[in-house]
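There are 2 protein chains.
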Amino acid sequence: MTAADRAESTALLTDHYELTMLAGALRNGTAERRCVFELFARRLPNGRRYGVVAGIGRLLDAIEKFRFNDAEIHRLRDSGVVDEDTLGWLADYRFGGDILGYPEGELYFPGSPVLTVTSGFGEGVLLETLALSILNHDCAVASAAARMVSAANGRGLIEMGTRRTHEEAAVAAARCAYLAGFTATSNLEAGRRYGIPTAGTCAHAFTLLHDSEEDAFRAQVEALGVHTTLLVDTYDITKGIKTAVEVAGSELGAVRIDSGDLGVLARQARTQLDELGAPATRIVVSGDLDEYAIAALRAEPVDAYGVGTSLVTGSGAPTAGMVYKLVEVEGRPVAKRSSHKESRGGQKAALRRHKPTGTATEEVVYRLAGEQPERLDGDVELQIPLVRAGQRAGDLPTLEDGRERLRQALVSVPWEGLALSQGESAIRTSFLP
Amino acid sequence: MTAADRAESTALLTDHYELTMLAGALRNGTAERRCVFELFARRLPNGRRYGVVAGIGRLLDAIEKFRFNDAEIHRLRDSGVVDEDTLGWLADYRFGGDILGYPEGELYFPGSPVLTVTSGFGEGVLLETLALSILNHDCAVASAAARMVSAANGRGLIEMGTRRTHEEAAVAAARCAYLAGFTATSNLEAGRRYGIPTAGTCAHAFTLLHDSEEDAFRAQVEALGVHTTLLVDTYDITKGIKTAVEVAGSELGAVRIDSGDLGVLARQARTQLDELGAPATRIVVSGDLDEYAIAALRAEPVDAYGVGTSLVTGSGAPTAGMVYKLVEVEGRPVAKRSSHKESRGGQKAALRRHKPTGTATEEVVYRLAGEQPERLDGDVELQIPLVRAGQRAGDLPTLEDGRERLRQALVSVPWEGLALSQGESAIRTSFLP
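Those sequence lines, one after another, are chains F and R.
Mapping of the first sequence onto the UniProt record's numbering: residues 1 to 433, in sequence order.
Mapping of the second sequence onto the UniProt record's numbering: residues 1 to 433, in sequence order.
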């Protein structure tokens, strides 16, 4: 293991109490009890009609790097978090259990068993915080992104929210947006890490830097070619568009408008571009767009949308509200009982029912040790093996596979489930006893 | 430079267009024009009355690691983002300019020049995305955290939101919470990276793992001592508290309640603990707390709060809405002019006016080349040197200094500025011509 690998340990990206629970369980011999943990959402946020599973690929990478190397052990010893016996156990820690889960791009609904971790208590409890961090963030962003893709109705979407969120969250957000069907991202690290197409040309600063807008456009066209996108709203938009076509000619790739009433301005720009003999020049709009604003622009001559803040903040729901609950110990179902937040004990699986037309009708969640659902035509089992005895399962879906899976899944949603307004889950979840 | 350092380059945590702007500017000789960029918020989110500056320390670290090493250059070449001349310039890139800014823990208001970057255009434009990512995230979390600290009115606050946000954003959020006055964090990496106290004991899973609650409490007390915090709401809370005191004795550190009507339950728990002869046992509550819920519990016998989701998501404002604008080129003020989002050109500084009692009255933002404010008793200049000619300024405030600065700054806010309700900025910002 190289220094770089060690530096990348994910083992301390976790809550203090996961380690103190381990210490307690090691002391009285319960740490090896066979446990099943389930990760799920009790409800969808804000009247959303579906959630999108995202982050599974990142989670599997993070689990492989979940190692207590010397640096982590020293830190835990110095800060007195756990005793020496526990430190010894941690130094040898490798997750050796099994993980089943929904593949990326699959939809989820309240109670869907998005992830099922089976292992000794200590092994599995240590992954709780990390699994929740990754899935709560990524599912929140992907779920918002999918609504924007629906609203854009086939037009291009460029993710440009990096500056509105934590610098590493931004990389993950770009991945979620691509999973959901965005065309490209502005984030260069996401391009490197995940092979996502990146895009971008110039900001207002580039125009302001120059002695005139014409100088700026000329510099950009010389550097990036006539197929570039010129930002035309630094001064007067009509003059900006005229200058843009004068400088780049009718081959100009696109103009971008980043302020004002985007619908009105897009219409004016389209008319002006056509009159200037640039009918193939596209119109890109940006500036505080969310799924509602995107939908509101459907009737306008907009060719692509740049989306920032609302994407990376989950458009009002910045976290997916998933929980990671112990549901089974040595084959015995367990559940918290003191409040309305009751959980259903026992390991569960799920299948989704579909009409012959392919429309989804129901999510059936059933206990492996309980009543089994009748199997009907159109049923799809939702969990797949992700990790077997600590090893990543073979042939896992790629990011591109997830993108295609979501595309198909959204086709299967009943039409009212794609409405942007607040409402019930697109399909109901049935829990078998 | 070691492999680990290289792996940590922050240079690709940026937007594609920062590099294409650089390429255009290099091509026509404008990349070296002396520029001033200003980072500020046009407004505070959601009727907030003040913002808290956070992330400066993280930003200075990130700028030091902003290097285009071989791996970054190869990636940019392979993906065709910029031309060879630009790659050559990037390979030698070191930020060599000056940065002034508000220190961490200082308050900011609409238009406050939180950061001022002076350098050649290329040098400064490259930092835009990274600076915004860090400050937009950290200021959003710290601003929410400060309201929670105010609401807690001296009682302890434990940050436990790691599982609700991106795994690296969580580490930064823990730092922001501590800056704002939280007592501790659950996040172990924040403990390692920033020296913040970490805390945590057990979750419901630990109780469920055991054959009885008593077994679980006994295991925890054996591992963590009688001064630990026992989570008493897995089954029946009254029985849980009884068992807790039976197992740990009257020296029990605390009980935690994580569900239900926390006010009612805290009162019942206090009465019961006193009757059981454990008057020194503290009561910790958690579960969907935000600043309003914390304030609502002020009259109850609560000793400490655990706060998660609302902290890491900025309690409704997950991003601070800061922008990074080019305001001056070769001594000439510049500003976008096409819309209502107008910026004020020219490099600016700011001072805060105070009454003789120490209460802040006004934020005065003035152009270095414009009218200078009259200097009055109680005026405090707000920017400090952070970077000089590319080198971090000496004697920069520490995280602890920021914590103390914020504590004092909140004392200086007019009383209505500390109200949790939506309203105007606590003090007005005056812009001198």
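It is worth saying that the hints were derived from the structure and are not from the lab.
Be aware that a few hints might be false.
To be verified - Computed beta-carbon distance windows for the label pairs: (1) F:A295 - R:G423: 30 to 38 Å; (2) R:D211 - F:A369: 31 to 39 Å; (3) F:R43 - R:A91: 46 to 54 Å; (4) F:Y93 - R:A91: 53 to 61 Å; (5) F:R388 - R:D274: 32 to 40 Å; (6) R:N28 - F:Q268: 23 to 31 Å; (7) R:A91 - F:A295: 42 to 50 Å; (8) F:Q268 - R:G423: 51 to 59 Å; (9) F:H227 - R:R33: 45 to 53 Å.
As the list claims (entries may be wrong) - From the derived model, a few chain F residues whose C-beta atoms are all more than 12 Å from chain R: (10) L13; (11) C35; (12) V82; (13) G124; (14) A173; (15) L188; (16) A199; (17) A216; (18) A280; (19) K325; (20) P356; (21) G370; (22) Q408.
Cβ atoms here follow ideal geometry from the backbone N, Cα and C, with glycine treated the same way.
So, going through the hints one by one against the coordinates:
About 33 Å separates the C-beta atoms of A295 of chain F and G423 of chain R, a value consistent with the hinted range of 30 to 38 Å. A hinted range of 31 to 39 Å is violated for the C-beta pair D211 of chain R and A369 of chain F, which are about 19 Å apart. Hint check: R43 of chain F to A91 of chain R, Cβ distance near 51 Å, so the stated range 46 to 54 Å holds. Taking 53 to 61 Å as the suggested C-beta distance range, the pair Y93 of chain F and A91 of chain R does not conform, at roughly 40 Å.
At about 53 Å, the CB distance of R388 of chain F to D274 of chain R disagrees with the hint of 32 to 40 Å. A hinted range of 23 to 31 Å holds for the C-beta pair N28 of chain R and Q268 of chain F, which are about 30 Å apart. About 45 Å separates the C-beta atoms of A91 of chain R and A295 of chain F, a value consistent with the hinted range of 42 to 50 Å. Separation of Q268 of chain F from G423 of chain R is about 38 Å and departs from the stated range, judged on CB atoms against 51 to 59 Å.
Taking the beta carbon of each, H227 of chain F and R33 of chain R are about 27 Å apart, not inside 45 to 53 Å as hinted. For L13 of chain F, the non-interface assignment is contradicted: its Cβ lies about 4 Å from the closest Cβ of chain R, within the 12 Å cut-off. Not every beta carbon of chain R lies more than 12 Å from that of C35 of chain F, the smallest distance being close to 7 Å; the non-interface claim is violated. Not every Cβ of chain R is farther than 12 Å from the Cβ of V82 of chain F; the closest lies at roughly 8 Å, contradicting the non-interface assignment.
A beta-carbon of chain R is positioned within 12 Å of the beta-carbon of G124 of chain F; the least distance is around 9 Å. Residue-level check failed: A173 of chain F sits 8 Å from the nearest beta carbon of chain R, not beyond 12 Å. A Cβ of chain R approaches the Cβ of L188 of chain F within 12 Å, the least distance being about 4 Å, so the stated non-interface status is violated. The beta carbon of A199 of chain F is not kept farther than 12 Å from every beta carbon of chain R, the shortest such distance being approximately 6 Å.
Its beta-carbon lying about 8 Å from the closest one in chain R, A216 of chain F breaks the requirement of being farther than 12 Å from that chain. For A280 of chain F, the requirement that its beta carbon stay farther than 12 Å from each beta carbon of chain R is met, with the minimum near 22 Å. In this structure K325 of chain F is not separated from chain R by more than 12 Å, as the shortest Cβ-Cβ distance comes to only about 7 Å. Every beta carbon of chain R lies more than 12 Å from that of P356 of chain F, the smallest distance being close to 41 Å; the non-interface claim holds.
Distance to chain R confirms G370 of chain F as a non-interface residue, since its nearest Cβ pair spans about 19 Å, more than 12 Å. Consistency note on Q408 of chain F: stated as away from chain R, and its beta-carbon is indeed over 12 Å from all of that chain's, at 28 Å minimum.
The structure is inconsistent with the numbered hints 2, 4, 5, 8, 9, 10, 11, 12, 13, 14, 15, 16, 17 and 19, although it conforms to all the rest.
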